[in-house]
Amino acid sequence: MTSLIDRLLGRKTPTSAELARERLKLVLVTDRSDLSPETLEQMQAEIIQVITRYIKIDQSKVHIKLEQRARENYLVADIPLVRDHSQSAAPPPPAPAGSAQLAEPEKPSGS
Amino acid sequence: MSARIVTITSGKGGVGKTTATANLAVSLASLGKKVICIDADIGLRNLDVVMGLENRIVYDLVDVIEGRCNLRQAMVKDRRIPDLYLLPAAQTRDKTAVSPDDMITLTDGLRPDYEYILIDSPAGIEWGFRNALAPADEVVVVTNPEVAAVRDADRIIGLIEADERRLPASLIINRVKPDMVRQGDMLSVDDVIDILSVRLLGVIPEDEYILIASNKGVPITLDHQNSPASTAFRNIARRLTGEQVPLINLDSRGGILRRLARIFGASKAAP
Ligand SMILES: Nc1ncnc2c1ncn2[C@@H]1O[C@H](COP(=O)(O)OP(=O)(O)OP(=O)(O)O)[C@@H](O)[C@H]1O
Ligand SMILES: [Mg+2]
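These protein sequence lines are chains A and B, in that order. Residue 0 is where the first sequence starts when you use numbering that gives the first Met the number 0, and the numbers rise one by one after that. Residue 0 is where the second sequence starts when you use numbering that gives the first Met the number 0, and the numbers rise one by one after that.
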């Protein structure tokens, strides 16, 4: 429970009900999907591996999680691309390299 | 007449299924409906003592299924209120004495004579739960605002959703303490509904009269009709009949200071 002093100082310790809510959301992700947190982490690592073969991404900010919306499970991924237009950007090994703007998902800035 | 069969279940034990079954049965009967409640907790029968009918049992559900008596002989009529009956569970047998098909046959025999058949399910997701679910037209899941109970309720709702019959399910949140919710020390009704994404049938506050009533063997809706829990049960019964009844504000007991505190936003969302 957040004490009065904490509140006056604008500090926010989560209440026990907030902790309960967060813990429930986490445990239900696992319960509903049969996917353990470790498996999810491993999947995330593999997804990153595949994507970095094609595009430069900010690996430290990749966020892949299971989420529920009205009892349906979704795999939601936030994968920030590195804003980098120098030529050294992501040499794609498997695809035929070269030729203009191959599958560049970033919106061209400006215009 | 063709009865609507409502199974009351929970996942986690001890959350208030039997209490809810007894009081919803009483409340529906008070509304003039013809009601029978079935104790499907074979081997751990409870509904009879919560209703105070334990001394009048001659035969039980397993006796009917195994042909030692007919349905009518096993039913116990509640004398305090018209049109309320109990079909007790067997106390000395285990769950395997009954199959889902037995439950369907049994309730098929009752359907023409009643408007509501309430089935008090045992806790868990095993045999007994399957038996209680088999004849259901509708499922009411009972939970408490507590991590383990909500988690198990989610499991049950998942199983009901996976069932090909697509039974409608709704939730009763029992034992809510508005003061603790306000202090941030209990999951609110909104929290639970948000997490489970299921239709809310009603909210029952924690009420010490429930224990007192069970001591006496008189359901609270008969013993202490004006208590908050009794009002909540009556409202749920009316919702079961299809009536639109707004949720009672459990906070209304709060004094002026509490209300001011609420106005000035010092509290969390109230149920
Ligand atoms: N709203 C309430 N306020 C106070 N006490 C309650 C409330 N609801 C239930 N109880 C108490 O909680 C205990 C468990 O209730 P009950 O037997 O109805 O649960 P149950 O889900 O049927 O349990 P089981 O899983 O063992 O069948 C009882 O002692 C009952 O009196
Ligand atoms: Mg019970």
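Treat the hints as calculated values from the structure; they're not laboratory data. Hints are not guaranteed to be accurate.
To spell it out: a stretch of chain B is covered by chain A in this simulated footprint if at least three of its residues, at any positions, have a beta carbon under 8 Å from a beta carbon of chain A; those stretches are [stated by the list, open to error]:
| hint | segment |
| --- | --- |
| 1 | 25-33 |
| 2 | 41-48 |
Computed cross-link-like contacts, BS3-like style, restricted to lysine-lysine with a CA-CA straight-line distance of at most 30 Å [to be verified]:
| hint | chain 1 | residue 1 | chain 2 | residue 2 |
| --- | --- | --- | --- | --- |
| 3 | B | K76 | B | K33 |
| 4 | A | K11 | A | K64 |
| 5 | B | K215 | A | K24 |
| 6 | B | K11 | A | K64 |
| 7 | A | K11 | B | K176 |
| 8 | B | K215 | B | K32 |
| 9 | B | K215 | B | K76 |
| 10 | B | K76 | A | K24 |
| 11 | B | K215 | B | K33 |
| 12 | A | K55 | A | K11 |
| 13 | A | K64 | A | K24 |
Just so it is clear, CB atoms sit at the ideal spot from N, CA and C, and this is done for glycine as well.
Going through the hints against the structure:
1. With 0 residues bearing a CB less than 8 Å from a CB of chain A, the segment 25-33 of chain B misses the requirement of three and the coverage assertion fails.
2. Here's how the segment 41-48 of chain B fares: 0 of its residues keep a CB closer than 8 Å to some CB of chain A, so the rule of at least three is not met and the hint is violated.
3. Of the supplied pair hints, the one linking K76/B and K33/B holds, its CA atoms being roughly 11 Å apart against a limit of 30 Å.
4. With a C-alpha separation of about 25 Å, the suggested pairing of K11/A with K64/A holds against the 30 Å cut-off.
5. The hinted pair formed by K215/B and K24/A fails the criterion: a straight-line CA distance of about 40 Å is larger than 30 Å.
6. Our distance criterion of 30 Å between C-alpha atoms is met by K11/B and K64/A, whose separation comes to about 28 Å.
7. For a cut-off of 30 Å, the pair hint linking K11/A to K176/B stands: about 23 Å separates their Cα positions.
8. Restraint check for K215/B and K32/B: the C-alpha separation of about 25 Å stays at or below 30 Å, so the hint holds.
9. Proposed proximity of K215/B and K76/B is supported: the alpha carbons are some 18 Å apart, at most 30 Å.
10. Among the hinted pairs, K76/B with K24/A is inconsistent with the structure: their alpha-carbon atoms are about 45 Å apart, more than 30 Å.
11. Distance check on the hinted pair: K215/B and K33/B sit about 24 Å apart at the alpha-carbon level, within 30 Å; holds.
12. The suggested pairing of K55/A with K11/A is violated, with an alpha-carbon distance near 37 Å, which exceeds 30 Å.
13. Using a Cα cut-off of 30 Å, the hinted pair K64/A and K24/A holds, with the two alpha carbons roughly 12 Å apart.
When held up to the earlier numbered hints, the structure conflicts with 1, 2, 5, 10 and 12 and fits the remainder.
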